[in-house]
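Chains as they are written, first to last, in the numbering used here: chain A, 1 to 267; chain B, 268 to 636.
Treat each hint with caution, since some may be false.
Calculated lysine-lysine pairs in the DSSO-like style (CA-CA distance at most 27 Å, straight line) [stated by the list, open to error]: (1) Lys-538/B <-> Lys-515/B; (2) Lys-440/B <-> Lys-14/A; (3) Lys-157/A <-> Lys-538/B; (4) Lys-440/B <-> Lys-538/B; (5) Lys-331/B <-> Lys-440/B.
None of these hints come from the bench; they were simulated from the model.
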Amino acid sequence: MFDVQNLRYQIGRKVLLQGVSLQARPGELLAVVGANGAGKSTLLRLLSGDLTPTSGQVQFAGQDLGGIPAPELARRRAVLTQQHTLSLAFRVRELVLMGRYPYFRGQPSTHDHAVVTEALALVGLFELADRSYPTLSGGEQQRAQLARVLAQVWEAKDGFLLLDEPLTGLDLNHQHHTLDVARALVQRGFGVVAVLHDLNLAAQYADQVLLLRQGATVAYGEPAAVLTAATIEHAFDIAVELLVHPSLGCPLIVPCPRPLPATRSWA
Amino acid sequence: MPAVAERPAPTKTAPPLAPPPTDWRQRLLLPGLAGLLVGAVLLSAGAGAVPIPVPAVLGILLHKMGLTTSLTFELQQEAVLWAIRLPRVCLGVLIGAALGLAGAAMQGLFRNPLADPGLIGVSAGASLAAVATIVLEVTVLAAVREWLGFYVLAVAAFLGACGTTLLVYRLSKESGRAVVGTMLLAGIAVNSLAGALTGLLTYAATDEQLRSITFWGLGSLGGASWPTVLGVLPLLALPILLLPRLGKSLNLLALGEEQAAHLGLPVTRLKRQLIVLATLAVGTSVAVAGTIGFLGLVVPHLVRLVAGPDHRIVLPGAALGGALVLTLADMLARTIVAPAELPIGILTALLGAPVFLWILLREKRQRLA
Numbered sequence: 001m002f003d004v005q006n007l008r009y010q011i012g013r014k015v016l017l018q019g020v021s022l023q024a025r026p027g028e029l030l031a032v033v034g035a036n037g038a039g040k041s042t043l044l045r046l047l048s049g050d051l052t053p054t055s056g057q058v059q060f061a062g063q064d065l066g067g068i069p070a071p072e073l074a075r076r077r078a079v080l081t082q083q084h085t086l087s088l089a090f091r092v093r094e095l096v097l098m099g100r101y102p103y104f105r106g107q108p109s110t111h112d113h114a115v116v117t118e119a120l121a122l123v124g125l126f127e128l129a130d131r132s133y134p135t136l137s138g139g140e141q142q143r144a145q146l147a148r149v150l151a152q153v154w155e156a157k158d159g160f161l162l163l164d165e166p167l168t169g170l171d172l173n174h175q176h177h178t179l180d181v182a183r184a185l186v187q188r189g190f191g192v193v194a195v196l197h198d199l200n201l202a203a204q205y206a207d208q209v210l211l212l213r214q215g216a217t218v219a220y221g222e223p224a225a226v227l228t229a230a231t232i233e234h235a236f237d238i239a240v241e242l243l244v245h246p247s248l249g250c251p252l253i254v255p256c257p258r259p260l261p262a263t264r265s266w267a
Numbered sequence: 268m269p270a271v272a273e274r275p276a277p278t279k280t281a282p283p284l285a286p287p288p289t290d291w292r293q294r295l296l297l298p299g300l301a302g303l304l305v306g307a308v309l310l311s312a313g314a315g316a317v318p319i320p321v322p323a324v325l326g327i328l329l330h331k332m333g334l335t336t337s338l339t340f341e342l343q344q345e346a347v348l349w350a351i352r353l354p355r356v357c358l359g360v361l362i363g364a365a366l367g368l369a370g371a372a373m374q375g376l377f378r379n380p381l382a383d384p385g386l387i388g389v390s391a392g393a394s395l396a397a398v399a400t401i402v403l404e405v406t407v408l409a410a411v412r413e414w415l416g417f418y419v420l421a422v423a424a425f426l427g428a429c430g431t432t433l434l435v436y437r438l439s440k441e442s443g444r445a446v447v448g449t450m451l452l453a454g455i456a457v458n459s460l461a462g463a464l465t466g467l468l469t470y471a472a473t474d475e476q477l478r479s480i481t482f483w484g485l486g487s488l489g490g491a492s493w494p495t496v497l498g499v500l501p502l503l504a505l506p507i508l509l510l511p512r513l514g515k516s517l518n519l520l521a522l523g524e525e526q527a528a529h530l531g532l533p534v535t536r537l538k539r540q541l542i543v544l545a546t547l548a549v550g551t552s553v554a555v556a557g558t559i560g561f562l563g564l565v566v567p568h569l570v571r572l573v574a575g576p577d578h579r580i581v582l583p584g585a586a587l588g589g590a591l592v593l594t595l596a597d598m599l600a601r602t603i604v605a606p607a608e609l610p611i612g613i614l615t616a617l618l619g620a621p622v623f624l625w626i627l628l629r630e631k632r633q634r635l636a
């Protein structure tokens, strides 16, 4: 599990994150939500080890994150970033196989190939396995990268997935499908930390929600406790109404209409 | 518990568990290139003012290994092959392999298919250092030269190559990552700076020095002898043997540096290894054969065209392909205007530039299609 205590990150004098503490446990989906620039991606990059905290600590499985050897860490947690460029025209199957690189030297085993195939089937790209990556649509590329990330921790015991805005650019069906996959992994004992933009999806799928505003925690806990009209208005600067989801019973967030501030030159 | 009902993630088709069939082109490329290289070596060793047919070449080689065969050859042929042709062909194979590998490694490192060692200033830096060594023959250097002998130019070219690579790499770094666009621009600037300084040295050079300098600009394998080959062997063997092992790592680098690090790749160490090995290859090649352009750029492209982008095949493919192309180019250079000799750098650029343009046009058409 990830144990984060009093995390602070700053560049020069600009404080991007301060006083954030959280526990991401196996068997739980933690959604990180907040406005643009609230520090969501910074938090995820601190969890993945891309950034080193200015102060505070990030522990993974009881060890300081920085002290875990990179190859060992790679077999236990995978990261899906927002950037999906690939500088060479690999085939989709080859891309997903890269998720297995931490497991073999030289040639991949039959098991590695089987994992690649299963991961591709899971994200619904089995038919496109032999297509060249650049020829895929944006959403398909994103799902291919998700398959690579899944293949990386496929058989890990209480492995972790860190997903930075995994739903951006996906259609309605695949947004839900991606979260279904995440939930299926959570069922198997995985821990998932996902930066999400859609509060309703967070309310529906997450076990825990962390709401950030200007680099600090607004609320942290179960979705129904965190996502209230007051906290959302505080974090996003927009008034919302909270309904109850007709079939699921979770909060359903509906923004209130408001007039656009007058723009002089349009008059 | 979340509000959503737990439901199993749907799978579409039951996937087969057998490994996917590998592309026949991927499987045949390396053996094919190796076979072609052997053929080219035998052909090239036989071509020239004293023609030696392939059976005779084989006969001489086997004779040198202590085997008696029924293959006949003349003593003159043996002398020519052993003292002149063979060291030259060996040098061509070594340098071709090293340059092909260096090109593939640089393209992988900078995540850009345009990153030829020449374009980012490595060759220019190596030439500058070599020219400086020739022209500024001060007493200190003369003493060093006495001590290092032949290696002084190689060492100078290597240091020059290292210096420019480091400079370009530093210039193109932004918050820990090399930014490709900046890298190419920095390469252009460093290239022209090194060119200007080389020009300045040329201006100050004596006639005798000028002749040596021209040699760097055009490139030639004409200086080959067994001492040269044995001299560069350790310097080129390192990149030739070590770079092909970095195939998996270079594949991961195509994802991006952070993404590669998430998969457990020691990115900083890998980048250092790549830079040191590629500059070793280019610096040494420039030291003994001058600048041989376009090989490092075009050969990896051709290999990818046939076998796809997997570096586990591209790297050995670029080594074999580079050796093959340089062996053939050298054979052409020696025979096309015989008894004179065309500098090989002219030939590789003359052939390489159109091939590269053809690749560009082909890729453009594919994108439009």
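Tested hints:
1. Lys-538/B <-> Lys-515/B: Measuring from Cα to Cα gives roughly 14 Å; hence the hint holds.
2. Lys-440/B <-> Lys-14/A: Holds - the C-alpha atoms of Lys-14/A and Lys-440/B are around 22 Å apart, at most 27 Å.
3. Lys-157/A <-> Lys-538/B: Status violated; Cα separation ~32 Å.
4. Lys-440/B <-> Lys-538/B: holds, 12 Å
5. Lys-331/B <-> Lys-440/B: Judged against 27 Å, a Cα distance of about 52 Å means the pair is violated.
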